[in-house]
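Protein chains: 4
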Amino acid sequence: MANSTHNAILLISCPDQAGLVSLVAEFIRRHNGNIIYLDQHVDTEHGAFFMRIEWELADFRLSDEKLSKLFQEDIASPMQMNWQLHYSDQRPRVAIFATRESHCLYDLLSRHQAGELDVDIPLIISNREDLRSAADRFEVPFAHFPITPENKAAQESAELELLDSHTVDTLVLARYMQILSDSFVNNYPQKIINIHHSFLPAFAGARPYHQAYERGVKLVGATSHYVTAQLDEGPIIAQDVIRVSHRESVSDFVRRGRDLEKVVLARAVWAHAQRKVLVFKNKTVVFS
Amino acid sequence: MANSTHNAILLISCPDQAGLVSLVAEFIRRHNGNIIYLDQHVDTEHGAFFMRIEWELADFRLSDEKLSKLFQEDIASPMQMNWQLHYSDQRPRVAIFATRESHCLYDLLSRHQAGELDVDIPLIISNREDLRSAADRFEVPFAHFPITPENKAAQESAELELLDSHTVDTLVLARYMQILSDSFVNNYPQKIINIHHSFLPAFAGARPYHQAYERGVKLVGATSHYVTAQLDEGPIIAQDVIRVSHRESVSDFVRRGRDLEKVVLARAVWAHAQRKVLVFKNKTVVFS
Amino acid sequence: MANSTHNAILLISCPDQAGLVSLVAEFIRRHNGNIIYLDQHVDTEHGAFFMRIEWELADFRLSDEKLSKLFQEDIASPMQMNWQLHYSDQRPRVAIFATRESHCLYDLLSRHQAGELDVDIPLIISNREDLRSAADRFEVPFAHFPITPENKAAQESAELELLDSHTVDTLVLARYMQILSDSFVNNYPQKIINIHHSFLPAFAGARPYHQAYERGVKLVGATSHYVTAQLDEGPIIAQDVIRVSHRESVSDFVRRGRDLEKVVLARAVWAHAQRKVLVFKNKTVVFS
Amino acid sequence: MANSTHNAILLISCPDQAGLVSLVAEFIRRHNGNIIYLDQHVDTEHGAFFMRIEWELADFRLSDEKLSKLFQEDIASPMQMNWQLHYSDQRPRVAIFATRESHCLYDLLSRHQAGELDVDIPLIISNREDLRSAADRFEVPFAHFPITPENKAAQESAELELLDSHTVDTLVLARYMQILSDSFVNNYPQKIINIHHSFLPAFAGARPYHQAYERGVKLVGATSHYVTAQLDEGPIIAQDVIRVSHRESVSDFVRRGRDLEKVVLARAVWAHAQRKVLVFKNKTVVFS
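Protein chains in written order, with the numbering used here: chain A, 1 to 288; chain B, 1 to 288; chain C, 1 to 288; chain D, 1 to 288.
Chain A on its own, in the form it takes in the complex (with noise of 0.2 Å):
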């Protein structure tokens, strides 16, 4: 089931102007790519455009190299494009960052077993030792960092060794009971993805389930997104409720709403590793 062709695939934006789809189409055209999925948006509030473009490299006459400086001579430079190009068969590296609670962990290694998920999992941290087994289970090497105010900048900066010594990319924090300090964050912007159990921006912060059943809602959510300085307020990739009634405990809440925890990161985990994610003034470009 792991993307093992060769294809490129460009994520554009830039303010938007007049034949940017037809200029980007006909430059890869021009070089015998054959597009096989073409998605744009166009921001009309803040005139910005948006483009996700994926073609087969089997007859490209450019190499990786020459496509990239073309591309960016050609194209991106008079179009003042922001740009990133990846490639179909470079997966994101990936370390998951838990604490206790294990069902977003199993489920992301599950998936990731099945071949559902088109990432490498190199590596489990965790503040906290109760999940080395699930990491055993699968075995995935599982690193243990106790944090404490007093050793938060220590172990965060070995971790960051850590990180850099397996080449992760991108982190992913399954209920991860830990705050990451904001020069952590800076290592990673836009590539660090949380989970938090609630439909945000309600009940940001703490015990979100305690929160919502004290409101007497009638649904409660799961909301994954990017990590930033901002508790909570980063980017949002993707969002899910589920009913609720009067009937049900916070105990209800927290059972039921493991299955949204669990669907909803590992729905943006995906996005995120098909490269369908743009991110633009706090909010996300999905790409279907």
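By construction, these hints were calculated from the structure, which means they are not laboratory data.
A virtual CB, placed ideally from N, CA and C, is assigned to each residue, including glycine.
Keep in mind that a hint or two might mislead.
Stated by the list, open to error - Computed list of lysine-lysine pairs in DSS-like fashion (alpha-carbon distance at most 25 Å, straight line):
#, chain 1, residue 1, chain 2, residue 2
1, C, K276, A, K276
2, C, K152, C, K66
3, D, K276, B, K276
To be verified - Pulled from the structure, derived: some chain A residues nowhere near chain B, Cβ distances all over 10 Å:
#, residue
4, D16
5, Q17
6, A58
7, W83
8, Q84
9, R91
10, D120
11, R137
12, F142
13, E150
14, N187
15, A202
16, K218
Said to hold, decoys possible - Covered stretches of chain B (in silico footprint by chain A; criterion: 3 or more residues with CB under 8 Å from a CB of chain A, positions within the stretch not fixed):
#, segment
17, 38–47
18, 197–208
19, 217–223
20, 239–252
Based on the hints, put chains B, C and D in the right spot on chain A.
Coordinates of chains B, C and D only, in the frame set by chain A:
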């Protein structure tokens, strides 16, 4: 479709204790009532018991008056019950408040006309003239009370008088764009149903779709709740959401949100009219 | 809210081949059209390409006539395209067919009245008199065509004439309880929109809520589709479901299902009116 | 999280008649049981009554044996009740059947491991070897029974013996790609839970996602049901759907459908394990 059978509906809340269900059921059975609905709920956190029980009065041996008296003496007093007794053929008398948006108003009027809602609608009140023609189409009296900071107290008094003269007992705010004063609200405790166009507690206050758009959420919602002195903080009766994406503008949110608002408000009004809603500690029990 | 801008909307389907997007976009750009919407889809299974593209005509250098001619010659012919050209200010002219249930009819009329639907509604047709008053409330002409096995052919002919005289191009069956003859249907290919009160293909045919109740499903649905000669088998435009439980009777299904039917039918009519629907091999592409 | 309290759970179905709730509640109260859950349902169409009642045994004055005897004599016999008595600390013993797809298996094992499911899982059975490693990861015995038309009867006999030796009482078919013989099924009436990857009764039988894709539906579903002699026609326990569009291929349906299958199957197994499901006339009552 309107309910013309003469059933009794008892709504009960009291401290939880053993034998409550059997006590009430036995009382009804003893006087030859045929129970056709019984739903109960125990809030174990607060030790509170709630029940809705409905029975046919055809062969019931107590007059309405006797029933109230006996139930109070035999059961409610010893058990410290709060209780309401309704009859299925006594429909709530509803005044609809609206301003400029017609969708909720038309929806309620159409449902009423089709016999879907067991209520009477003797009156529509608005702070503007825009919806008079909608009222006229359905032949419901329309009263115009323009509100300014200066005349608000006087106009609310006049409204209260008019509502009284129509023996209105329930108010439905169908996108009514005025904030009712506390003193006005206090006249109708748990009798004023509002629709707010967000998933509360997210995006309380003004322009919730704009707030949602700014935050970049992937779902937008609607919430129907009883109005209390705290704006948008009353007990929630019904909520629902729809999925949105980056492709949608604020005006798409507004357009698609209307369907939500209509359905969620109608669901709340229906449950209220069926005497299925109990309020406890700013939350609702909505019997099935 | 109604669309009064003069935009061009092109709907295209053709065999897939490299460069189609750029070809069409370039054509529009060359004549100074400002593209404000582009969505395309490739059905890789059948090698088919679909596109909806909309552009402002304010500064466009081709007359409507010239546009059609040039597009056919320069692009459509060489690329073997099927295409439709619409203008955003030419609204579909819709006749609503209904029988006895008023909810879909009222819903469409209310939406139209509120400016939500970019269509004209010159006519309501029914095989019964029940809904005349609903038509009257919204001042839409109502034509009564009672249908018997004997008079069906004659009545359908008369209906066709009447529809013609009102230059109707789209028919919406809003719970119309008669089966249209094949020859009647053939007059409006992909122009008759029906609402069926089940999740098709489950529970096609008569009394779907009863069928659903008998089967004990936990969700009931509604489906809006284009009508073809095969009953309930035309291309699906929109579907949705609601959760039900053992507590609900058939009449609860009917009551709650009405909300679904209204919303699903309106969604399909809206997409059709926005020229967002293309049919291919009995399936629809519904552009976002 | 596992349930270790010693509560009694009574599931009752019988002809409806006045006073049933009070009769049973009074019986429990009389013997000093503290009722912590009571939910009842009347099927008015068939005049049938259903109840689930749970009470604490801490201060209950009847032994388990005495309870059964007395309840039968005093209540069940005169009222013609079918009843089951369960104890909350007697967990179902579940064998999981699977074939090649791992997602449902991993999901159930992970939930079990996390303490989410009040069942024991002494055994995994498969007609292939593919999932042995999944079983190994969670240290559950794995038995391989390859099935051919020739050996099917013999293999099923061997399976029955093995199930017996593990005192298994519940079978969960987690995407098990073999049809069980009628005689096998008859050994576990209302004790075999299957997941079918469609919204039944739509797309019964083989390759439901392909069928759904061909029909062009806008939602795909999953259904968990008890297995009966009629393939895919047993009583439905849980169903859910997700929205799909023309953009999605069959393999997208398969990929996204897995999330549905996992959640819907787990929901059904959970309800079964909590003794919340009663079957009547090929439909289920699933208590809340």
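Looking back at the numbered hints, which does the structure fail to meet, lowest number first? 2, 15 and 16
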